[in-house]
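Enquirer: Residue 508 in the working numbering sits at position 209 of the sequence shown; the count goes up by one each step and never skips.
Simulated from the structure, these hints should not be mistaken for lab results.
Among these hints, one or two may not hold up.
[What the hints assert, rightly or not] Within a straight-line C-alpha distance of at most 30 Å, the following computed DSS-like cross-link-like pairs (lysine-lysine) qualify:
(1) Lys419 - Lys331
(2) Lys692 - Lys450
(3) Lys402 - Lys685
(4) Lys695 - Lys683
(5) Lys330 - Lys419
(6) Lys580 - Lys692
(7) Lys582 - Lys692
(8) Lys683 - Lys402
(9) Lys330 - Lys455
(10) Lys419 - Lys450
(11) Lys683 - Lys580
(12) Lys489 - Lys331
(13) Lys683 - Lys330
(14) Lys450 - Lys330
(15) Lys455 - Lys419
(16) Lys455 - Lys402
(17) Lys489 - Lys450
(18) Lys685 - Lys695
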Amino acid sequence: LPRGEIREIPYPVLLTALARSHRTVVVRMEKKPVEKELFFDDGAPVDCRSNLVHETFGRFLVTEGRLSEEQLHETLSESFTREVPLGEILLERELLEPVEMYKLLQQSLARKLLDGFTWKSGTFETEDEEVDSETGLRVNTPQLVLTGVVKLSPMKEVTGAIQPWLSEALALSPEPAFGPEELRLPGPAKGVVDALGERPREIDDLAAATEIGGNDLGRILYALALLGVVVPASRVRGRTPRRIAASESEEVSPRTPEPRAGGPGPEADRREVMEAFLSYKRKDAFDLLDVPEDVDRPSLEEAWLRFAARFAPWELESAGDDDLTEKARILFLAGSEAYAELADHERRGELLQRRRRTRERRARGGSRPKIETDLLDPAVQYRKGKRLLEEGKHSKALEFLRFAADVDPQNALYRAEAAYCQYELSPLRHREESLEELREAVRIDPASGPALYYLGLVEMEEERFAEAEDHLRKAIKPMAPDRRPIEALKELAARKKRS
């Protein structure tokens with residue numbers, strides 16, 4: 300489809316469809332005021348951009364505790380002044396190691412992609428476009444779908460999807476859409492697959508066999524159904540299901556890489572390859588081979604031979620690191636293309652003209668990038684909401700808190716604050732809705748002290764004393780030294796006495 304509604308085609312369905320059809324496409328999603336662009340190469344997400352400030356890489360690093368606010372401000376300023384990506388500034392300043400940088404870029408991309416699983420409404424448009432598949436970042440779609448559905452998909456979506464199966468026996472598919480090399484099952488999901496591997500089961504029987512709660516089991520079944528792992532038993536009679544994941548006893552132990560003969564060793568190799576890989580995309584042929592513009596043919600050949608020796612992928616194959624070997628292969632091919640461009644008189648002349656125009660533009664200073672100021676920042680809205688709460692303006696505060704929670708639904712604190720504010724405004728009207736949202740906040744982040752605390756307060760008000768006590772006790776440690784959970788437990792004990 301060129302476009303659609305998230306209500307009709309949920310995000311995990313869209314992701315799975317793109318993966319199964321191996322689409323190379325850009326997907327533009329919109330849920331006012333949030334806008335996202337997702338880039339897919341051969342069905343796999345390779346990039347995601349949005350108008351959310353907390354989804355920028357710099358803000359992600361601050362949230363993860365890898366950068367201070369001061370370091371972020373300094374490196375961003377240098378990045379925009381020099382027109383160099385933030386990541387390269389971080390590497391130059393040795394604030395991050397190349398391998399660490401790559402892992403953090405992967406985590407940042409995954410977090411941005413996971414946000415879509417929380418969408419209950421919105422639109423999407425697809426457009427077939429050339430997508431650069433050599434960014435180095437590539438997300439495993441089946442694993443993303445499994446994680447996103449189990450952790451974040453709205454329960455209403457899950458319930459609607461599995462409703463037709465409530466009276467059917469389920470079984471493993473003999474032909475799952477994704478193989479074991481693409482999908483590794485975590486504990487509970489593996490338990491479901493193992494139980495269905497013994498024999499087809501109805502959902503009640505499956506719940507008893509796995510001891511997985513109803514909602515959690517529903518989420519797992521929804522994800523496994525999307526991925527073609529679980530199907531109605533009527534579809535597979537007389538056919539043997541294919542195994543999806545190796546059992547724990549069959550897990551392959553990681554290989555210890557052997558040093559390259561005469562080389563500096565695997566860690567040095569990894570650092571060198573990763574550092575070059577993270578920056579090669581923005582370099583032209585002169586920069587990539589590190590040669591001057593007037594380089595002669597013999598010097599150019601020497602530079603290419605040095606580059607080829609550094610990144611020859613066959614030299615890394617014996618280390619058993621397929622990911623590193625693939626990155627070396629990409630660099631080796633990029634170096635080959637750079638040599639071909641500079642060895643060709645006409646192509647070198649065109650590149651020299653482009654470089655001169657760039658220098659002239661920078662000298663004029665007319666088109667230096669500007670730091671964007673129109674990004675949506677849920678943290679700012681959250682702080683405004685909290686200030687209004689302190690002033691006793693609950694109704695106005697709720698607008699800001701809801702905005703923060705809607706823009707960053709993976710943040711349990713924002714969701715909990717909005718839900719409790721809503722409950723305080725009208726307990727009778729919002730009782731069940733607030734309880735559901737607070738439980739969801741705790742499910743997303745079981746270590747969120749405020750979410751546990753507010754859930755305990757609402758349960759106490761609703762005289763669900765056992766549940767309230769459990770959640771208030773769990774809130775004590777993550778909220779320390781804040782004594783509010785302890786004071787609430789004293790109030791709970793007093794109420795239990797009176798009742």
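Enquirer: It remains to establish, for every hint, whether it holds in the given structure.
Expert: Status of the hints after comparison with the structure:
| no. | hint | in the structure |
| --- | --- | --- |
| 1 | Lys419 - Lys331 | holds (12 Å) |
| 2 | Lys692 - Lys450 | violated (33 Å) |
| 3 | Lys402 - Lys685 | violated (34 Å) |
| 4 | Lys695 - Lys683 | holds (10 Å) |
| 5 | Lys330 - Lys419 | holds (9 Å) |
| 6 | Lys580 - Lys692 | violated (51 Å) |
| 7 | Lys582 - Lys692 | violated (54 Å) |
| 8 | Lys683 - Lys402 | violated (34 Å) |
| 9 | Lys330 - Lys455 | holds (18 Å) |
| 10 | Lys419 - Lys450 | holds (15 Å) |
| 11 | Lys683 - Lys580 | violated (41 Å) |
| 12 | Lys489 - Lys331 | violated (38 Å) |
| 13 | Lys683 - Lys330 | holds (22 Å) |
| 14 | Lys450 - Lys330 | holds (21 Å) |
| 15 | Lys455 - Lys419 | holds (9 Å) |
| 16 | Lys455 - Lys402 | violated (33 Å) |
| 17 | Lys489 - Lys450 | holds (16 Å) |
| 18 | Lys685 - Lys695 | holds (10 Å) |
Checked against the numbered hints above, the structure breaks hints 2, 3, 6, 7, 8, 11, 12, 16 and satisfies the rest.
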